[in-house]
Structures are given as structure tokens and as C-alpha cells.
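Listed in order, the protein sequences are those of chains A and B.
Residue 9 in my numbering sits at position 9 of the first sequence, with consecutive numbering throughout.
Residue 30 in my numbering sits at position 30 of the second sequence, with consecutive numbering throughout.
Just so you know, the hints here were simulated from the structure itself, not pulled from any lab data.
No experiment lies behind these values; they were computed from the predicted model shown.
Where hints are given, some of them may not hold.
[To be verified] Taking lysine-lysine and the DSS-like style, the derived pairs with C-alpha atoms no more than 30 Å apart in a straight line are:
no., chain 1, residue 1, chain 2, residue 2
1, B, K100, A, K57
2, B, K2, B, K45
3, B, K100, A, K17
4, B, K45, B, K79
5, B, K79, A, K15
6, B, K79, A, K57
7, B, K42, B, K100
8, A, K15, B, K2
9, A, K11, B, K42
10, B, K2, B, K100
11, A, K11, B, K79
12, B, K45, B, K100
13, A, K15, B, K42
14, B, K42, A, K57
15, A, K17, B, K79
[As the list claims (entries may be wrong)] FRET-style restraints, in silico, Cβ to Cβ:
no., chain 1, residue 1, chain 2, residue 2, range
16, B, T112, A, N10, 36 to 46 Å
17, A, Q41, B, S28, 19 to 29 Å
18, B, K2, A, L113, 44 to 54 Å
19, A, K17, B, P113, 22 to 32 Å
For every residue, glycine included, the Cβ atom is placed at its ideal position computed from N, Cα and C.
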Amino acid sequence: GAGVSQSPSNKVTEKGKDVELRCDPISGHTALYWYRQSLGQGLEFLIYFQGNSAPDKSGLPSDRFSAERTGGSVSTLTIQRTQQEDSAVYLCASSPRPEDQETQYFGPGTRLLVL
Amino acid sequence: RKEVEQDPGPFNVPEGATVAFNCTYSNSASQSFFWYRQDCRKEPKLLMSVYSSGNEDGRFTAQLNRASQYISLLIRDSKLSDSATYLCVVTPLTTDSWGKLQFGAGTQVVVTP
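Isolated chain A (complex conformation) (with noise of 0.2 Å):
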């Protein structure tokens, strides 16, 4: 079946631009999770969605960071005025049940260049 889908799979964008990252999960999962991995790094919590409740924002680096997930599906991470930090890529990924944590499925990432 098919995977984590995530678009666009590279952005450049100069700085004090605005971006939209879009992440498709597995049909039927219910929660969903963004990470960010910069360079050399491990990945970085950013943010989770579980059905209907209230996201865990407790990751986001700062108010420029914002995310949303319409119809328990598809994910939108959004970047308010890009800095040249910001630059990484940003891996979503979902899984059937939060407690399956074995069972998270990662999409092939954003990689994000601010200029």
C-alpha cells in the first residue's frame, strides 16, 4: 500500500519568506508526528496529532512554527518568516495507534534550504 507521502520534497525559499509543508499519512492512522533533522543531527520533536485531540505543540521551536491536520488526514507544517536556522529536513510520520510506537512510518522528508 502506499506511504507517507510528503511535498514539496525540496524547497529553497530566502529568508523572511513563508512555507508550507504538506505530509499524507498512511490511510487510516490515526496519529501523526513531525520531526526535524538538521544537519549532523538527530531528529527533533516538533509536534503530534492524535484523531481529534489537541495537538502536542510541545516541540515547536518558536511561534513562526505552526501545524494542522483537516479531517484527521492530511498535515500542513507551516513556517512563518524563515530564518536561515530553519533550514533541515522535516520528516513527518504516522502510525496505526500512538502506543505503537514501534510502528511509526516515516516519509521521505522536506528538505528545506533557506537562503
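Start from chain A and add chain B according to the hints.
Chain B in isolation, oriented as in the chain A frame:
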């Protein structure tokens, strides 16, 4: 101090040899442990879970040492295809942290012919 620390490597391993490396974690409440594999410019994929008693999956053996707060991964009879970055992942198993995996920065393994 980072919550999950790994030797970045690279570990250069001749084909057929054995390689082992550790990962240390700082949160003693961590309950679940995993090894993920990440190929260059690819997404992470689950390699194996790490159980308290230790576990094997083919040529891969994972162990957990709670007293010293580290997990290990051993790869026997290394193949060229084992070349990758191995990410250590831990998480406390509490309802407010489900899914919030804590990743190490990874250990790079390079298997050479």
C-alpha cells in the same frame, strides 16, 4: 547534556567482520528502546526494538543495560548493505509522551569490501 548520545563514527568495518556500538540515555524513566536505520538522504526505518533480556534478529543483536543506561547494537558478518547510519531511539512510556521518540544523532557504519 543531550538526552540520547551516540558516537557519530564512522565505524569502518571490513566485510564479514563484527561491529558493535552503544548509545547512552539520560532519562532513567525511559521505557522503550529502538534502533532505526537511516540510509543516506533517506527516511529512518525501524530496525529492531530492544528488549530488557536482549534480542536477536538475524545478524543483529540488541542489548539493554538499565543500570548503566545504555543500549547496544552488534552486527555480525557485516554486509556492504549494512552501511548506514544507525539511530538510537528511546522514549518514556507515559500517556503524554507516546510517540515522542527521542533520537540520537546516529552512528555511521561503513562496510568496506
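Here is what the structure says about each hint:
1. B:K100 <-> A:K57: Roughly 11 Å between the alpha carbons, so the hint for B:K100 and A:K57 holds.
2. B:K2 <-> B:K45: holds (22 Å)
3. B:K100 <-> A:K17: holds (29 Å)
4. B:K45 <-> B:K79: At roughly 18 Å apart (the allowed maximum being 30 Å), B:K79 and B:K45 satisfy the hint.
5. B:K79 <-> A:K15: Status violated; Cα separation ~43 Å.
6. B:K79 <-> A:K57: At roughly 41 Å apart (the allowed maximum being 30 Å), A:K57 and B:K79 break the hint.
7. B:K42 <-> B:K100: holds (20 Å)
8. A:K15 <-> B:K2: Between A:K15 and B:K2 the Cα gap is close to 29 Å, so the pair holds against 30 Å.
9. A:K11 <-> B:K42: The hint holds at about 16 Å.
10. B:K2 <-> B:K100: OK: B:K2 and B:K100 at ~15 Å, within 30 Å.
11. A:K11 <-> B:K79: violated (35 Å)
12. B:K45 <-> B:K100: Cα-Cα ~16 Å, so holds.
13. A:K15 <-> B:K42: Distance of about 26 Å is within 30 Å: holds.
14. B:K42 <-> A:K57: holds (25 Å)
15. A:K17 <-> B:K79: violated (45 Å)
16. B:T112 <-> A:N10: 36 to 46 Å: Hint violated: Cβ distance 31 Å, outside 36 to 46 Å.
17. A:Q41 <-> B:S28: 19 to 29 Å: holds (24 Å)
18. B:K2 <-> A:L113: 44 to 54 Å: violated (25 Å)
19. A:K17 <-> B:P113: 22 to 32 Å: violated (46 Å)
Of the hints listed earlier, those the structure fails to meet are numbers 5, 6, 11, 15, 16, 18 and 19, in rising order.
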